[in-house]
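**Student:** Take a look at the letters that make up each chain.
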Amino acid sequence: MARAVKQGVLDAYPEADLSLSVVWIDILASDKRAEAITSADILVDPRVRHFHDPKRLVGRALAPHTGLHSMPQILERLGQKPEALEDSFNATYLRSPSTLFDAVFFYDSQARWIKQPPAPEEWVTQLDPALYTGYDAARFRWGDDLIDELRRLAGLVLAPDEAPSAAPAKSEDDQ
Amino acid sequence: MHALLLALAPLLGAQDPTPEELARAYAGERGVRYTATYVRAYTLARTRWVARGDVVIGADGTTRIDGQWTPEGATEPVRAVWYEDASGWTLVHPDAGTYSTGKERLAAGDDGHWFSQLALPAFDPDPYGEHSKPELGSFIRFEGGQCRIVSTREGSHARTDWYVATSDLMPRLAERYSKAAESETLVERLTLTKLEQGEASPEAPDLEGLRRVEVEVAAATAAEPDATKKHQSVTDLSTSLATLRAHFESQVGKPRLIGLFAPS
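If you read the protein sequences in the order shown, they are chains A and B.
Following our numbering, the numbering of the first sequence begins with -12 at its first residue and continues without gaps.
Following our numbering, the numbering of the second sequence begins with 1209 at its first residue and continues without gaps.
No wet-lab data here; the hints were simulated from the structure.
Glycine residues also receive a C-beta, built at the ideal position from the N, C-alpha and C atoms.
Warning: the hint list may mix true and false statements.
[Stated by the list, open to error] Okay, derived cross-link-like pairs now, DSBU-like style, lysine-lysine, Cα gap no bigger than 35 Å in a straight line:
| hint | chain 1 | residue 1 | chain 2 | residue 2 |
| --- | --- | --- | --- | --- |
| 1 | A | LYS102 | B | LYS1387 |
| 2 | B | LYS1387 | A | LYS68 |
| 3 | A | LYS(-7) | A | LYS102 |
| 4 | A | LYS102 | B | LYS1402 |
| 5 | A | LYS19 | A | LYS(-7) |
| 6 | B | LYS1462 | A | LYS19 |
| 7 | A | LYS19 | A | LYS68 |
| 8 | B | LYS1402 | A | LYS19 |
| 9 | B | LYS1402 | B | LYS1387 |
| 10 | B | LYS1387 | A | LYS19 |
| 11 | A | LYS(-7) | B | LYS1462 |
| 12 | A | LYS102 | A | LYS19 |
[What the hints assert, rightly or not] Chain B residues, not near chain A, derived (Cβ > 12 Å throughout):
| hint | residue |
| --- | --- |
| 13 | GLY1239 |
| 14 | THR1251 |
| 15 | TYR1385 |
| 16 | GLN1405 |
| 17 | GLU1457 |
Given the sequences, and given the hints that come with them, work out the whole structure.
**Tutor:** Right, dumping it as structure tokens:
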């Protein structure tokens, strides 16, 4: 998804005076700080600042703005035990409250973070609604549609009056 | 703190305060002033890091701290005034006759760091952190009043004991123990005395006769990622969201995006 952000936001608006905070959040079993440092090289731009969130604090703080279900809820629906997924996912994440990742939040220039992170003006996610539930599935994009949506939403907060309207999300069969 | 007090409400029991009462008790809701002493020490090391200050936090979050700290290896304390409002911070060094300003607290280096300890939120357990439910401890007399000890845990690596006054549900002491290494513990102790709640209104420092310095501005610039380096600077968020929040706030006036990605 980081590469999509590069194409849909940074490359699409090279002169825009915006600020992008990239939070590398440990979700998969292989996610570590070293991986975050390596992946940060995908987004090299003076407008970008990188963070590493090993305890998923940001993901939990932003999740309430989306309605995303927690992994225990999702696993229960799927009839899965967390132990079965520990080879793939961070073991703590599998047992944690709702935690957002693979998503981008967009804020206008006046948004303030006083005590809790503010609600975004817009957001988009790559989390597949077939697995991740609870959030508005219309926020889901994939592939080129994701790049297009990132470009549109960035345009919306950069120049709210000039942004094109949203294209409907395609079904997975269309991907 | 608000979240902590709400969490503690059922435990403190005897007073049975409503959430609204607890919200008003929070410093940010009504304003508060206190004298703070912060001590940081490692169990195996001889060095101690101490800062003291008179703290005023207004109802709007505007903060002023008149304080001092002694840098490691120094014999004389450094005096300074920290003032922060919605537009940014001002750091005044009266001994040197200088001041500096900025938008991001971190740009103030060590001075900004110890001021953040005195302003209590550094001890505020993050409601999104990996804390267990607060554990109710014993009653204890502290600084002339009765407190209830309430412990919160951050996973298995840290514990904070809060001494919460039964009179106003405000903390008087917070002791945090965290694992610094295999056999070493970091102890942080923040003591609040002369605590007053009310319509505290911090005064902006008088900058007349002081010289503005750009040291902190340079530090802020240096902290920005260098696009020419092979690897980007990646800031750790393992203990709190404070750094991300400070960066977000420092960029007010620009559209901002937050992206969350798994690194693998």
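**Student:** Next step is simple, just say for each hint if it's right about the structure.
**Tutor:** Tested hints:
1. A:LYS102 with B:LYS1387: holds (27 Å)
2. B:LYS1387 with A:LYS68: It holds: about 31 Å lies between the C-alpha atoms, which stays within 35 Å.
3. A:LYS(-7) with A:LYS102: Between LYS(-7) (chain A) and LYS102 (chain A) the Cα gap is close to 30 Å, so the pair holds against 35 Å.
4. A:LYS102 with B:LYS1402: With a Cα-Cα distance of about 25 Å, the restraint between LYS102 (chain A) and LYS1402 (chain B) holds, given a limit of 35 Å.
5. A:LYS19 with A:LYS(-7): holds (22 Å)
6. B:LYS1462 with A:LYS19: Distance of about 31 Å is within 35 Å: holds.
7. A:LYS19 with A:LYS68: holds (24 Å)
8. B:LYS1402 with A:LYS19: Violated, at about 44 Å.
9. B:LYS1402 with B:LYS1387: holds (31 Å)
10. B:LYS1387 with A:LYS19: holds (20 Å)
11. A:LYS(-7) with B:LYS1462: Roughly 18 Å between the alpha carbons, so the hint for LYS(-7) (chain A) and LYS1462 (chain B) holds.
12. A:LYS102 with A:LYS19: holds (28 Å)
13. GLY1239: It holds; GLY1239 (chain B) is separated from chain A by about 15 Å at its closest Cβ, greater than 12 Å.
14. THR1251: holds (24 Å)
15. TYR1385: holds (18 Å)
16. GLN1405: It holds; GLN1405 (chain B) is separated from chain A by about 18 Å at its closest Cβ, greater than 12 Å.
17. GLU1457: violated (6 Å)
Of the numbered hints given earlier, the model fails hints 8, 17; all others are met.
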